[in-house]
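A.B. asks: Line by line, the protein sequences give chains A and B.
Per the numbering used here, the first sequence runs over residues 22 to 831.
Per the numbering used here, the second sequence runs over residues 579 to 889.
For the record, the hints were derived by calculation from the structure and aren't laboratory data.
We put the CB at the ideal spot given by N, CA and C, even for glycine.
Do not rely on the hints blindly, as some may be mistaken.
What the hints assert, rightly or not - Straight-line distance between alpha carbons at most 25 Å, and here's what the computed BS3-like set of lysine-lysine pairs gives:
1) LYS644/B to LYS823/B
2) LYS88/A to LYS69/A
3) LYS739/B to LYS701/B
4) LYS582/B to LYS398/A
5) LYS604/B to LYS319/A
6) LYS851/B to LYS282/A
Stated by the list, open to error - Simulated restraints, written as ranges between beta carbons of each label pair:
7) ASP320/A to THR837/B: 29 to 39 Å
8) PRO267/A to THR837/B: 31 to 41 Å
9) ALA531/A to LYS628/B: 47 to 57 Å
10) LEU803/B to PRO267/A: 52 to 62 Å
11) LYS628/B to ASN341/A: 38 to 48 Å
12) ASP320/A to LYS641/B: 56 to 66 Å
13) LYS887/B to ILE227/A: 32 to 42 Å
14) PRO267/A to LEU814/B: 47 to 57 Å
15) ASN341/A to ARG881/B: 29 to 39 Å
16) LYS682/B to ASP308/A: 20 to 30 Å
17) LEU221/A to LYS628/B: 50 to 60 Å
18) ALA732/B to GLY405/A: 53 to 63 Å
To be verified - Here are a few chain A residues that face chain B, going by a calculated C-beta distance under 7 Å:
19) PRO78
20) VAL284
21) LEU297
22) PHE326
23) LYS327
24) VAL331
25) THR499
26) GLU503
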Amino acid sequence: MSTPETQKPEEIRVGVFVCHCGLNIAGTVDVHAVADYAKTIPNVVFVKENRYTCADPGQEEIRKAIKEQKLNRVVVAACSPRMHEPTFRRTVAEAGLNSFLYEMANIREFASWCHQNNPVEATERAKDAVRMAVAKVRLMQPLQTIEVPVTNKALIIGGGIAGMNAALDLADQGFKVYMLENTQSIGGHMAALDKTFPTLDCSICIEGPKMVDCARHPNITIFASSELVKVDGYIGNFKVKIRKNPRYVIPEKCTGCGECKDVCPIEYPNEWDMNLGTRKAISVPFDQTVPLIYSINKDYCIECFKCTEVCGERQAIDFNQKPEEVDIDVGAIIVSTGFDVYEPYDMPLLGYGKYPNVITSMEFERLILAAGPTGGKVIRQSDGKKPHSVAFIQCVGSRDKNKYPYCSNFCCMYTLKHVVQLKEKYKEDVEVYVFYMDIRSPGKGYEEFYDRARERGVNFIRGRVSRIDEDPVTHNLTVHSEDSLLGQPIEIEADMVVLATAAIPKKGSADIARILNLSRDANGFFMEAHPKLKPMDAPTDGVFYAGACAGLKDIPFSVSQGSGAASRAATVISKPTWKIEPIISVIDEAKCKSCGVCVDKCPYGAIRLEKPKPAQIITASCHGCGTCVAECPQHAITQMHFTDAQIMAQIRSALEDKPEEKILAILCNWCSYAGADLAGISRFEYPASVRAIRVMCSGRVNREFILEALRLGAGMVLVGACHLPFDCHYISGNYKMKARTDALKNMLTKLGMSPERFRVEYVSAAEGIHYAEVIKEIDAHMKALGKEKIQAENAKLKPILENMLKRKQQ
Amino acid sequence: MPLKTVKKDAADYLTLEWVLHVKNYKLTLDKTRCVGCQICSLACPKEAIKTQKQPKTQGEKAKRAKVDIDLAKCNFCGICDVTCPYGAIKVALNGSNDLPLLAKETYPQICRDIKVDTRQCDKECTECETACPLSLITVTRTGYDGKPVENLQALTPSQKKRVQINLNIQKEYCPTCRVCEFKCSPGAIKVKKAIEGITTINQEKCPEGCTDCLDVCPITGALVLGEDKKVHVNQLFCDYCGACKNVCPVDEALTVKRTSIHHTPVHSGTWNKALERLTSTADAAKELKIQADQNRRKAVAKRFVLEEKIK
Ligand SMILES: Cc1cc2nc3c(=O)[nH]c(=O)nc-3n(C[C@H](O)[C@H](O)[C@H](O)COP(=O)(O)OP(=O)(O)OC[C@H]3O[C@@H](n4cnc5c(N)ncnc54)[C@H](O)[C@@H]3O)c2cc1C
Ligand code: SF4
Ligand code: SF4
Chain A
22 MSTPETQKPE EIRVGVFVCH CGLNIAGTVD VHAVADYAKT IPNVVFVKEN RYTCADPGQE
82 EIRKAIKEQK LNRVVVAACS PRMHEPTFRR TVAEAGLNSF LYEMANIREF ASWCHQNNPV
142 EATERAKDAV RMAVAKVRLM QPLQTIEVPV TNKALIIGGG IAGMNAALDL ADQGFKVYML
202 ENTQSIGGHM AALDKTFPTL DCSICIEGPK MVDCARHPNI TIFASSELVK VDGYIGNFKV
262 KIRKNPRYVI PEKCTGCGEC KDVCPIEYPN EWDMNLGTRK AISVPFDQTV PLIYSINKDY
322 CIECFKCTEV CGERQAIDFN QKPEEVDIDV GAIIVSTGFD VYEPYDMPLL GYGKYPNVIT
382 SMEFERLILA AGPTGGKVIR QSDGKKPHSV AFIQCVGSRD KNKYPYCSNF CCMYTLKHVV
442 QLKEKYKEDV EVYVFYMDIR SPGKGYEEFY DRARERGVNF IRGRVSRIDE DPVTHNLTVH
502 SEDSLLGQPI EIEADMVVLA TAAIPKKGSA DIARILNLSR DANGFFMEAH PKLKPMDAPT
562 DGVFYAGACA GLKDIPFSVS QGSGAASRAA TVISKPTWKI EPIISVIDEA KCKSCGVCVD
622 KCPYGAIRLE KPKPAQIITA SCHGCGTCVA ECPQHAITQM HFTDAQIMAQ IRSALEDKPE
682 EKILAILCNW CSYAGADLAG ISRFEYPASV RAIRVMCSGR VNREFILEAL RLGAGMVLVG
742 ACHLPFDCHY ISGNYKMKAR TDALKNMLTK LGMSPERFRV EYVSAAEGIH YAEVIKEIDA
802 HMKALGKEKI QAENAKLKPI LENMLKRKQQ
Chain B
579 MPLKTVKKDA ADYLTLEWVL HVKNYKLTLD KTRCVGCQIC SLACPKEAIK TQKQPKTQGE
639 KAKRAKVDID LAKCNFCGIC DVTCPYGAIK VALNGSNDLP LLAKETYPQI CRDIKVDTRQ
699 CDKECTECET ACPLSLITVT RTGYDGKPVE NLQALTPSQK KRVQINLNIQ KEYCPTCRVC
759 EFKCSPGAIK VKKAIEGITT INQEKCPEGC TDCLDVCPIT GALVLGEDKK VHVNQLFCDY
819 CGACKNVCPV DEALTVKRTS IHHTPVHSGT WNKALERLTS TADAAKELKI QADQNRRKAV
879 AKRFVLEEKI K
């Protein structure tokens with residue numbers, strides 16, 4: 022539609038297609054009456070009924086009518102737009118009409134299916150739905166899908182086993198990959214493990230080659246000892262700033278010979294060894310470090326320069342190295358930052374940190390490792406002797422309402438690994454006890470591994486440990502628990518206790534979340550765009566997850582996710598350009614006063630403001646929730662396809678007739694509208710007094726929508742949203758809406774409106790029954806208040822509201 | 579796991595520990611030997627050691643400054659152990675005092691150059707034993723039969739002649755003050771000071787009746803009360819440790835300037851910095867220059883030999 026603006030406004034020609042959906046609609050709604058009514062609506066020039074509009078002949082009718090009748094707007098009165106909106110968009114486009122010049126009237130889920138016992142009112146509601154759709158479609162404008170160029174490179178944050186797999190997969194497909202690791206070596210937790218369950222293969226032997234592959238791959242650049250500073254841009258076009266922290270050794274010059282380490286006089290506790298062993302002030306954390314570059318820890322170095330001396334002509338050591346910032350461009354980002362291990366200092370009854378022979382599983386892992394600080398000897402700290410009885414305690418911190426309520430996923434299995442290793446190493450010489458709540462072994466070969474542990478004569482005791490005591494002289498321990506299978510208290514003497522502590526969100530996750538605009542769940546792990554259908558997609562487009570950072574996973578699962586995330590990232594970076602839905606927000610620069618409110622409220626950080634210039638929306642980062650539109654005090658922002666004018670037109674149309682008997686509902690697309698659809702699909706009956714308007718997010722709901730509805734005399738007003746705190750499809754639109762509507766409701770009540778007349782309800786896509794109940798309740802309240810009271814309240818409110826709305830319009 | 583660290587501050591000692599699974603680093607400060615001087619805090623490369631002036635109660639003698647070590651900063655390198663003139667600090671790994679610092683020549687040993695020629699000793703003399711302000715010397719006698727001599731008087735003159743005198747000096751605690759040397763009339767002991775320098779007191783600045791420096795000085799005779807009721811320095815005995823400086827209440831009244839330190843040869847940045855802090859930039863530069871000159875001379879000599887050979 023390329024009517025130049027200078028020409029007189031085009032004549033609006035709307036075609037309405039009323040669908041029978043077999044008997045699904047026609048069985049309840051009087052479709053002929055709806056069609057006849059449609060003909061009376063202004064601008065409607067063509068009306069057609071179809072048995073199945075979505076079937077090919079039905080679509081053909083639309084295409085034909087567009088051409089023959091010169092239709093420039095189309096309304097399909099049929100099922101939910103959540104069902105067939107994309108279908109009809111295509112249909113319209115095929116006939117040469119812009120696909121955004123069409124609107125759906127939902128007369129199936131929202132009329133015939135939910136008012137089956139009330140055909141008369143169902144028909145009325147269907148007519149209103151068509152009228153509202155026409156009111157909106159009249160004001161619709163053609164929109165063009167936006168295409169942005171794509172940088173075909175990727176960034177991987179976190180070089181654990183998940184991140185490495187993602188990097189290798191992408192690099193093998195020919196993409197340039199940058200790998201960011203904030204420690205001195207890639208490898209993650211797996212590089213610190215001895216063996217891996219259930220096959221007991223040596224961890225570094227299987228991971229080491231992959232680490233080396235990453236270092237050698239021509240398409241992979243590793244930034245170790247580096248951190249993420251800033252990410253700007255959007256899918257396909259991220260601008261990333263990385264800070265390389267000084268290691269006081271020049272990577273290009275260091276040959277990894279280690280001669281410096283030999284002359285260095287200073288040792289300090291090695292974090293990689295869980296501080297059980299030491300490393301030199303100039304060293305690598307472990308022998309297989311990748312990239313193999315030495316680092317000086319200036320906290321401990323005494324600057325004797327012996328290392329510089331021995332390094333000699335290689336001149337790899339530079340004590341004046343400074344942090345260096347690097348800018349890179351990538352098209353997709355994979356977050357694989359893994360997890361941390363909980364250190365139970367705050368559980369004094371277990372004595373960790375107090376009793377020398379109480380250790381964590383991660384520490385046990387370092388003790389039993391041949392290359393570890395004890396050379397693979399499991400010995401006690403108190404006397405350096407081998408323990409003859411070891412008690413393993415499960416779920417320390419995990420599955421604990423006061424600490425970490427979730428299951429840490431891999432502790433049962435690694436404890437089975439530890440007990441099998443211990444039994445196979447020391448045989449009859451060691452007695453092993455495992456205190457557990459449940460043994461969870463659902464993976465391939467895992468249950469068989471559990472059997473192997475039982476066959477080795479390990480004592481499994483079901484019960485939560487209440488306390489550990491220590492004999493101050495021998496440093497032997499007594500574990501107090503209850504045996505919940507026998508229902509008796511039990512006490513076990515042990516020379517050593519190993520705590521399987523919870524795996525917890527990685528330190529620094531909050532920073533990563535802030536920089537990339539990710540959300541985190543109640544436990545602090547990253548949240549997926551959809552936990553089931555998009556388990557590797559972040560809510561920010563172009564960002565993906567792999568491994569334990571988005572919920573705990575063992576190695577096989579982390580590896581699969583690495584490959585999965587690589588493949589998801591490739592869907593973006595393998596394309597020269599990326600298409601973006603044009604349902605985004607646009608700022609009217611003339612109206613913008615650069616106050617910055619929108620910048621704060623946008624859940625995606627999609628708005629940039631450089632005062633005193635007007636704010637700018639980064640098109641490709643905008644997800645089209647419309648929160649900013651509702652927040653902007655200057656009314657300077659418009660959301661395409663959901664403009665104020667369009668929604669106001671729908672409201673006015675909905676309340677044309679007997680407004681005081683109507684419930685005006687504004688529903689968000691992802692939860693409450695879907696919940697309402699489900700009520701229809703499930704054939705839950707509810708009163709037909711409701712008139713629903715769809716917005717993408719409840720964050721879009723302007724105060725003016727409510728004010729206008731009440732000014733027009735609406736009986737009741739409902740705003741439907743996703744559940745707090747985490748269900749919002751746009752991260753936090755529901756919170757922004759809540760803050761706004763709480764204040765509004767307060768004001769309206771003070772002005773004399775009965776509080777029950779304006780309601781905010783949280784309905785999930787699965788809560789059809791809840792939606793039906795809510796409407797029933799509101800309808801009952803409306804009836805209880807009575808038409809007279811409502812009209813009286815409205816009469817009082819109207820002049821005030823008119824005044825407020827007039828002021829806003831200026 | 580955060581590092582397990584232990585700090586104990588008892589009446590007689592202060593200990594710091596890193597407890598690792600199979601390694602134990604331990605620093606012990608023997609408070610009975612510590613005199614509250616400046617040396618360790620200046621030598622420490624990590625600035626982990628602080629000396630705190632102790633409050634003075636009216637009418638009592640001044641108290642020596644208290645040495646405190648910050649566990650978060652200490653990395654158990656052992657520099658304080660090696661440098662302390664009084665041997666008051668010991669650093670050990672798993673109980674052994676063999677410091678990698680010395681083995682790897684990152685720090686020199688401070689020379690306690692004490693030569694004793696007991697042939698010159700008067701057989702009955704124990705002057706040095708009583709003179710040593712730190713009681714580090716014991717004099718023993720061995721008879722012609724190799725047995726310790728109990729009663730010198732009981733011996734015949736010829737037996738007496740054959741008596742051997744042994745001086746047992748606990749060198750590791752000796753600050754080389756030279757008091758014994760001067761008290762020894764036959765001149766049997768020769769001590770070379772480990773630290774050279776100059777301590778001065780500007781008596782005009784001293785408050786009336788103040789003897790704080792004298793109160794804390796560990797070396798009898800290094801500071802003396804003059805007839806003017808002011809404290810004067812005896813450079814002969816002063817070991818330049820600076821314990822006095824730590825307690826002096828007036829800024830410009832007392833200065834301790836160390837100019838050189840006798841040590842085993844070493845080539846190390848740590849030492850250069852420690853030396854600079856212990857002496858002064860100029861004095862440290864002097865040592866470096868001498869070293870460089872020596873190196874140059876050696877290089878030239880080597881070249882010379884090489885050229886000769888080629889010829
Ligand atoms: C004691 C113990 C024993 C285990 N035994 C087994 C076993 O036998 N078999 C098994 O299958 N699983 C085992 N697991 C689980 C296994 O460790 C995890 O499944 C695996 O490590 C997850 O890999 P990942 O890459 O997601 O995370 P990680 O291994 O945690 O790697 C994350 C990486 O990201 C880096 N990183 C983090 N934050 C940032 C940042 N902000 N910037 C840059 N880089 C960052 C980290 O430094 C690290 O290198 C065990 C776990 C524990 C605790
Ligand atoms: S300068 Fe520092 S890192 Fe280098 S050898 Fe000396 S103590 Fe070790
Ligand atoms: S608030 Fe929503 S609509 Fe506005 S710019 Fe951000 S994502 Fe887009």
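A.B. asks: Decide, hint by hint, whether the structure agrees.
C.D. replies: To see whether the hints hold, each was checked on the structure:
Distance check on the hinted pair: LYS644/B and LYS823/B sit about 13 Å apart at the alpha-carbon level, within 25 Å; holds. Distance restraint check for LYS88/A and LYS69/A: the Cα-Cα separation of roughly 14 Å lies within the 25 Å cut-off, and the hinted pair is therefore satisfied. Under the criterion of a C-alpha separation no larger than 25 Å, the hint pairing LYS739/B with LYS701/B is consistent with the structure, at around 8 Å. Pair hint LYS582/B plus LYS398/A holds up; C-alpha atoms about 20 Å apart against a cutoff of 25 Å.
For the given pair, LYS604/B sits about 21 Å from LYS319/A by alpha-carbon distance, which is consistent with the 25 Å threshold. Taking the CA atoms of LYS851/B and LYS282/A, the gap is near 22 Å; set against the 25 Å cutoff, the hint holds. For the pair ASP320/A and THR837/B, the beta carbons lie near 33 Å from each other, so the given range of 29 to 39 Å is met. About 37 Å separates the C-beta atoms of PRO267/A and THR837/B, a value consistent with the hinted range of 31 to 41 Å.
A C-beta distance of roughly 36 Å is found between ALA531/A and LYS628/B, which places it outside the suggested range of 47 to 57 Å. Between LEU803/B and PRO267/A, the C-beta spacing of about 55 Å keeps the proposed range 52 to 62 Å intact. Remark: the range hint 38 to 48 Å for LYS628/B to ASN341/A is contradicted by a beta-carbon distance near 28 Å. A C-beta distance of roughly 34 Å is found between ASP320/A and LYS641/B, which places it outside the suggested range of 56 to 66 Å.
Separation of LYS887/B from ILE227/A is about 57 Å and departs from the stated range, judged on CB atoms against 32 to 42 Å. Evaluation of the 47 to 57 Å hint for PRO267/A and LEU814/B yields a pass: the beta carbon distance comes to about 50 Å. Range check, ASN341/A to ARG881/B: about 33 Å between beta-carbon atoms, so the 29 to 39 Å window is met. Restraint check, LYS682/B to ASP308/A: a C-beta distance of roughly 21 Å satisfies the suggested window 20 to 30 Å.
At roughly 52 Å, the beta carbons of LEU221/A and LYS628/B sit within the given window of 50 to 60 Å. At about 55 Å, the CB distance of ALA732/B to GLY405/A agrees with the hint of 53 to 63 Å. Using the Cβ-Cβ criterion of 7 Å, the hint placing PRO78/A at the interface with chain B is not satisfied: the shortest such distance is roughly 72 Å. Taken as an interface hint, VAL284/A checks out: its beta carbon lies about 6 Å from the nearest beta carbon of chain B, inside 7 Å.
Hint status for LEU297/A relative to chain B: holds, with the closest Cβ pair at about 4 Å, below 7 Å. The criterion of a C-beta within 7 Å of any C-beta in chain B is met by PHE326/A, whose closest approach is roughly 4 Å, and the hint holds. At its closest, the beta carbon of LYS327/A sits 6 Å from a beta carbon of chain B; the interface hint therefore holds under the 7 Å criterion. Against a cut-off of 7 Å between C-beta atoms, the interface hint on VAL331/A is violated, since the closest Cβ of chain B lies about 10 Å away.
The criterion of a C-beta within 7 Å of any C-beta in chain B is not met by THR499/A, whose closest approach is roughly 22 Å, and the hint is violated. A cut of 7 Å between beta carbons decides the hint on GLU503/A: the least distance to chain B is about 29 Å, and the hint is violated.
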